[in-house]
Amino acid sequence: MVNIKGGVFLPLYSLDSQKTEVKPFLMDVYPVTNADYKKFILQNSSWRKSKIKPIYADTNYLHQWNSDTSFAVNLALSPVVNISWFAAKKYCECQGKRLPTVAEWELAGRASETKPDATKDLKFNQWILNWVSKTSPKVLPNVGSTFKNYYGVWDLHGLVWEWTFDFNSALTTGESRGNSGLDNTFFCGGGSFASKDINNYASFMRFASRSSVKAKYGVPNLGFRCVKSKL
Amino acid sequence: MNTKPFKLVALILITGLFISSCNSNTGKSKKSSTSIEKIEGEEIAILTDAPNVPPPITRKHATKVIVNLEVIEKEMEMMDGVRYNFWTFGGNVPGKFIRVREGDFVEFHLKNNPSSKLPHNIDLHAVSGQGGGAAATFTAPGHETKFSFTALNSGLYIYHCATAPVGMHIGNGMYGLILVEPKEGLPKVDKEFYVCQGDFYTKGNYGEAGLQQFNMDKALKEQPDYVVFNGKVGALTGDNALKAKVGETVRLFVGNGGPNLVSSFHVIGEIFDNVYPEGGTTLNHNVQTTLVPAGGSAITEFKCDVPATLILVDHSIFRTFNKGSLGMLKVEGEEIKFIYSGQQDDRIYQSEGAGQTMPDEPTIASKPLTKEEKMTQGKAIYAGSCQACHQADGKGIEKAFPPLAGSDYFASNPSLITRTILHGLSGKIKVNGKDFDGVMPKQTLSEAQIASVATYVLNSFGNKGGEVSATDVAKQRK
Numbered sequence: 000m001v002n003i004k005g006g007v008f009l010p011l012y013s014l015d016s017q018k019t020e021v022k023p024f025l026m027d028v029y030p031v032t033n034a035d036y037k038k039f040i041l042q043n044s045s046w047r048k049s050k051i052k053p054i055y056a057d058t059n060y061l062h063q064w065n066s067d068t069s070f071a072v073n074l075a076l077s078p079v080v081n082i083s084w085f086a087a088k089k090y091c092e093c094q095g096k097r098l099p100t101v102a103e104w105e106l107a108g109r110a111s112e113t114k115p116d117a118t119k120d121l122k123f124n125q126w127i128l129n130w131v132s133k134t135s136p137k138v139l140p141n142v143g144s145t146f147k148n149y150y151g152v153w154d155l156h157g158l159v160w161e162w163t164f165d166f167n168s169a170l171t172t173g174e175s176r177g178n179s180g181l182d183n184t185f186f187c188g189g190g191s192f193a194s195k196d197i198n199n200y201a202s203f204m205r206f207a208s209r210s211s212v213k214a215k216y217g218v219p220n221l222g223f224r225c226v227k228s229k230l
Numbered sequence: 000m001n002t003k004p005f006k007l008v009a010l011i012l013i014t015g016l017f018i019s020s021c022n023s024n025t026g027k028s029k030k031s032s033t034s035i036e037k038i039e040g041e042e043i044a045i046l047t048d049a050p051n052v053p054p055p056i057t058r059k060h061a062t063k064v065i066v067n068l069e070v071i072e073k074e075m076e077m078m079d080g081v082r083y084n085f086w087t088f089g090g091n092v093p094g095k096f097i098r099v100r101e102g103d104f105v106e107f108h109l110k111n112n113p114s115s116k117l118p119h120n121i122d123l124h125a126v127s128g129q130g131g132g133a134a135a136t137f138t139a140p141g142h143e144t145k146f147s148f149t150a151l152n153s154g155l156y157i158y159h160c161a162t163a164p165v166g167m168h169i170g171n172g173m174y175g176l177i178l179v180e181p182k183e184g185l186p187k188v189d190k191e192f193y194v195c196q197g198d199f200y201t202k203g204n205y206g207e208a209g210l211q212q213f214n215m216d217k218a219l220k221e222q223p224d225y226v227v228f229n230g231k232v233g234a235l236t237g238d239n240a241l242k243a244k245v246g247e248t249v250r251l252f253v254g255n256g257g258p259n260l261v262s263s264f265h266v267i268g269e270i271f272d273n274v275y276p277e278g279g280t281t282l283n284h285n286v287q288t289t290l291v292p293a294g295g296s297a298i299t300e301f302k303c304d305v306p307a308t309l310i311l312v313d314h315s316i317f318r319t320f321n322k323g324s325l326g327m328l329k330v331e332g333e334e335i336k337f338i339y340s341g342q343q344d345d346r347i348y349q350s351e352g353a354g355q356t357m358p359d360e361p362t363i364a365s366k367p368l369t370k371e372e373k374m375t376q377g378k379a380i381y382a383g384s385c386q387a388c389h390q391a392d393g394k395g396i397e398k399a400f401p402p403l404a405g406s407d408y409f410a411s412n413p414s415l416i417t418r419t420i421l422h423g424l425s426g427k428i429k430v431n432g433k434d435f436d437g438v439m440p441k442q443t444l445s446e447a448q449i450a451s452v453a454t455y456v457l458n459s460f461g462n463k464g465g466e467v468s469a470t471d472v473a474k475q476r477k
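Just so you know, the sequences run in chain order A and B.
The first sequence lines up with residues 0 to 230 when you count with numbering that gives the first Met the number 0.
The second sequence lines up with residues 0 to 477 when you count with numbering that gives the first Met the number 0.
Simulated from the structure, these hints should not be mistaken for laboratory data.
Hints should not be assumed to be uniformly reliable.
Derived lysine to aspartate or glutamate pairs resembling DMTMM-like cross-links, with alpha carbons at most 25 Å apart [claimed, not checked]:
#: 1; chain 1: A; residue 1: Lys213; chain 2: B; residue 2: Glu106
#: 2; chain 1: B; residue 1: Lys190; chain 2: B; residue 2: Asp304
#: 3; chain 1: A; residue 1: Lys88; chain 2: A; residue 2: Asp57
#: 4; chain 1: A; residue 1: Lys122; chain 2: B; residue 2: Glu207
#: 5; chain 1: B; residue 1: Lys110; chain 2: B; residue 2: Glu76
#: 6; chain 1: B; residue 1: Lys145; chain 2: A; residue 2: Asp57
#: 7; chain 1: B; residue 1: Lys187; chain 2: B; residue 2: Glu277
#: 8; chain 1: A; residue 1: Lys133; chain 2: B; residue 2: Glu69
#: 9; chain 1: B; residue 1: Lys202; chain 2: A; residue 2: Glu112
#: 10; chain 1: A; residue 1: Lys137; chain 2: B; residue 2: Glu143
#: 11; chain 1: B; residue 1: Lys429; chain 2: B; residue 2: Glu76
#: 12; chain 1: B; residue 1: Lys202; chain 2: A; residue 2: Asp120
#: 13; chain 1: A; residue 1: Lys119; chain 2: B; residue 2: Glu221
#: 14; chain 1: B; residue 1: Lys329; chain 2: B; residue 2: Glu247
#: 15; chain 1: A; residue 1: Lys133; chain 2: B; residue 2: Asp48
#: 16; chain 1: B; residue 1: Lys63; chain 2: B; residue 2: Glu183
#: 17; chain 1: A; residue 1: Lys215; chain 2: B; residue 2: Glu69
#: 18; chain 1: A; residue 1: Lys133; chain 2: B; residue 2: Asp79
#: 19; chain 1: A; residue 1: Lys229; chain 2: A; residue 2: Asp165
#: 20; chain 1: A; residue 1: Lys133; chain 2: B; residue 2: Glu74
#: 21; chain 1: A; residue 1: Lys119; chain 2: B; residue 2: Asp216
#: 22; chain 1: A; residue 1: Lys137; chain 2: B; residue 2: Glu76
#: 23; chain 1: A; residue 1: Lys48; chain 2: B; residue 2: Glu143
#: 24; chain 1: B; residue 1: Lys220; chain 2: A; residue 2: Asp120
#: 25; chain 1: A; residue 1: Lys133; chain 2: B; residue 2: Glu207
#: 26; chain 1: A; residue 1: Lys133; chain 2: B; residue 2: Glu221
#: 27; chain 1: B; residue 1: Lys378; chain 2: B; residue 2: Glu446
Partial selection, computed: residues in chain B whose CB lies under 7 Å from chain A [stated by the list, open to error]:
#: 28; residue: Pro113
#: 29; residue: Ser114
#: 30; residue: Ala163
#: 31; residue: Gln212
Heads up, the beta-carbon is just placed ideally off N, CA and C, and yes, glycines get one too.
Could you build all of it, start to finish, from the sequences and the hints given here?
Here is the structure:
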């Protein structure tokens, strides 16, 4: 795990008065891999594919594994996907850790290779957008294959989406144009006047992705990593 | 006399009158223009890829139609040498054509392929209800959602993805058409085709090779690099051209996914006998060019009067010749000369008071120009007469206008340039390994002008060089 400096995070659809203060925390360097997850499964058999309660996962759970405890050799070091939020949360708890909040993840995710805050960096944002435009490969690359950011964290962008603790606090609804219940200057289909990072379309897409999932979902390109509060 | 029963009967009568009149009032308000038909049976919708259209509906009752549509994100060709990450409904751009009947009850299943990077949804303009279905169909990769609606209104409707950022999802190709036939159906025609225009925004310029990325900045400025029919340059040209016969009636279901541009849809060489403007119910006739709004449609119908290669265009014409909004409909059959004769005559024209010529056009008998002078004059003539088709860089347009740049067509025989300008050229030729099957009209230029522009072409665009004289041209005029 590495140290992430604290800071002020402004969620995408918010006024200046809604700034969130993020305390410094420790973050896993890599997303959790299939090999990592196997260790968890061997010690917690109720989370096996054949045993898991339907309330905790849908039928996509560990779809890429051949059996309860085995998977193709080339998947060992790639991030584990098709795991539900419940499973990810449990895994982290078993390690004395927890899932990152959206604010923590986005703060760490602002960093490029060289800058702690690359939100205004066009090249960096374009690189992320390019990745977002492509389909997911059939076999996900190993962790440590994209880039190491300013904090020393790998693969926050360019590999898989990642579960966060409060993923369902996002404000986009499925109907991206008619949020009449919310302030009208806020989000519409493509970016709103009140949104803080008009250029940060990748951020919009992460919010859209978070809004589209439920806690029990397994999604082929959604994995996770853990964090820990500093005492 | 005991008036009580009298009063009672009177009371009952009056009350009865009120009740019956109330009933008939409510009866009238219930009978609205959208009376729901009884649903009989169920069927699975036949979906087709452009330019094909599912067969016309023959049943005379409303039914339950099950639509299964899958979102697939897919890298495909935009143009020869140019690739793009398209997001599609059903694997192609535009998405599948859906055909139902007014009053049908549609059970809609939206699937998102597990390989998709993002969640997607669908807004069908034929749906009355929140977001046209978008709220109900927000689907994560590897999942499926379902919702149902009644097709209350007939018409030709666009459908598109409405996931944020909506402009980007549409800009990557997520649109298609759903036709709700009126209860009595559409009049029969011989051929029906599905044509959908869209604008695309890439990091590189038009034609720049490689995998091109979506460019948000250009999309915001509404400055597309590609404006195409059916998802790519050349989707409806050459071997992919639409076909019909002389005498046949053709109906075009025309959509415009946008995301930004409005189309001025025109078919060169034909007139629309019928137009359903904006895909609605009103009928217009004798229309040359009809507007197709972004996120809208139009239905155009015409009878193919004479054999011709009809050219489908967006008449905002730079889009057509420089960005790809060009399609073809080849009509075959016997010529009907009294409708269209083709060229009947071509001769020299001398205006009144011959001898007065424009200062920049040397007369035939005057001193021949130097090579330098020919280059200057040739360049101007090229810009005025040739560039529209063969392009400023001489590279032409794939499957439509052959390149002059480094062309092997006249490399071994430069006099072919002169011959082609003088007499025109039609039919199949091969230039630099690529096939062309079009028509170049002959140019009405003087011998000196032809000599100049031919010399210009020979010495430009990477061609080997050479010079053509006005006398050479005169000899070839026979």
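Hints and how they fare:
Among the hinted pairs, lysine 213 of chain A with glutamate 106 of chain B is consistent with the structure: their alpha-carbon atoms are about 23 Å apart, no more than 25 Å. Straight-line distance between C-alpha atoms of lysine 190 of chain B and aspartate 304 of chain B comes to about 14 Å, which keeps the hinted pair within the 25 Å bound. A distance of roughly 16 Å separates the Cα atoms of lysine 88 of chain A and aspartate 57 of chain A; the hinted pair therefore holds under the 25 Å criterion. The straight-line distance between the Cα atoms of lysine 122 of chain A and glutamate 207 of chain B is roughly 20 Å, inside the 25 Å bound, and the hint therefore holds.
Annotation: proposed proximity of lysine 110 of chain B to glutamate 76 of chain B holds, straight-line Cα distance about 24 Å (limit 25 Å). Of the supplied pair hints, the one linking lysine 145 of chain B and aspartate 57 of chain A holds, its CA atoms being roughly 17 Å apart against a limit of 25 Å. Proposed proximity of lysine 187 of chain B and glutamate 277 of chain B is supported: the alpha carbons are some 20 Å apart, at most 25 Å. Pair hint lysine 133 of chain A plus glutamate 69 of chain B holds up; C-alpha atoms about 17 Å apart against a cutoff of 25 Å.
About 23 Å separates the Cα atoms of lysine 202 of chain B and glutamate 112 of chain A, which keeps this hinted pair within 25 Å; it holds. Annotation: proposed proximity of lysine 137 of chain A to glutamate 143 of chain B holds, straight-line Cα distance about 20 Å (limit 25 Å). Straight-line distance between C-alpha atoms of lysine 429 of chain B and glutamate 76 of chain B comes to about 22 Å, which keeps the hinted pair within the 25 Å bound. A distance of roughly 17 Å separates the Cα atoms of lysine 202 of chain B and aspartate 120 of chain A; the hinted pair therefore holds under the 25 Å criterion.
With a CA separation close to 22 Å, the supplied pair lysine 119 of chain A and glutamate 221 of chain B stays within the 25 Å bound. A hinted pair counts as satisfied when its Cα atoms are at most 25 Å apart, and lysine 329 of chain B with glutamate 247 of chain B qualifies at roughly 12 Å. Restraint check for lysine 133 of chain A and aspartate 48 of chain B: satisfied, since their Cα atoms lie roughly 23 Å apart, inside the 25 Å limit. Taken as a hint, the lysine 63 of chain B and glutamate 183 of chain B pair is honoured in the structure, with Cα atoms around 18 Å apart against an allowance of 25 Å.
Restraint check for lysine 215 of chain A and glutamate 69 of chain B: satisfied, since their Cα atoms lie roughly 22 Å apart, inside the 25 Å limit. Annotation: proposed proximity of lysine 133 of chain A to aspartate 79 of chain B holds, straight-line Cα distance about 20 Å (limit 25 Å). Between lysine 229 of chain A and aspartate 165 of chain A, the direct Cα distance comes to roughly 19 Å. Compliance with the 25 Å bound is thereby established for this hinted pair. With a C-alpha separation of about 8 Å, the suggested pair lysine 133 of chain A and glutamate 74 of chain B falls inside the 25 Å cut-off, and the hint holds.
Distance restraint check for lysine 119 of chain A and aspartate 216 of chain B: the Cα-Cα separation of roughly 14 Å lies within the 25 Å cut-off, and the hinted pair is therefore satisfied. With a CA separation close to 21 Å, the supplied pair lysine 137 of chain A and glutamate 76 of chain B stays within the 25 Å bound. With a CA separation close to 21 Å, the supplied pair lysine 48 of chain A and glutamate 143 of chain B stays within the 25 Å bound. For the hint pairing lysine 220 of chain B with aspartate 120 of chain A, the CA-to-CA distance comes to about 20 Å; that is within 25 Å, so the pair holds.
The straight-line distance between the Cα atoms of lysine 133 of chain A and glutamate 207 of chain B is roughly 19 Å, inside the 25 Å bound, and the hint therefore holds. Between the alpha carbons of lysine 133 of chain A and glutamate 221 of chain B the distance comes to roughly 23 Å, so the proposed pair stays at or under 25 Å and holds. The straight-line distance between the Cα atoms of lysine 378 of chain B and glutamate 446 of chain B is roughly 16 Å, inside the 25 Å bound, and the hint therefore holds. Contact between proline 113 of chain B and chain A, as hinted, is supported at the beta carbon level, the nearest pair being about 4 Å apart and thus within 7 Å.
Among the interface hints, the one on serine 114 of chain B holds; its C-beta lies about 5 Å from the nearest C-beta in chain A, closer than the 7 Å criterion. For alanine 163 of chain B, the suggested interface contact is upheld, since its CB lies about 4 Å from the closest CB of chain A, less than 7 Å. Annotation: glutamine 212 of chain B was flagged as interfacial toward chain A, and the flag holds, the nearest CB pair being 5 Å apart, inside 7 Å.
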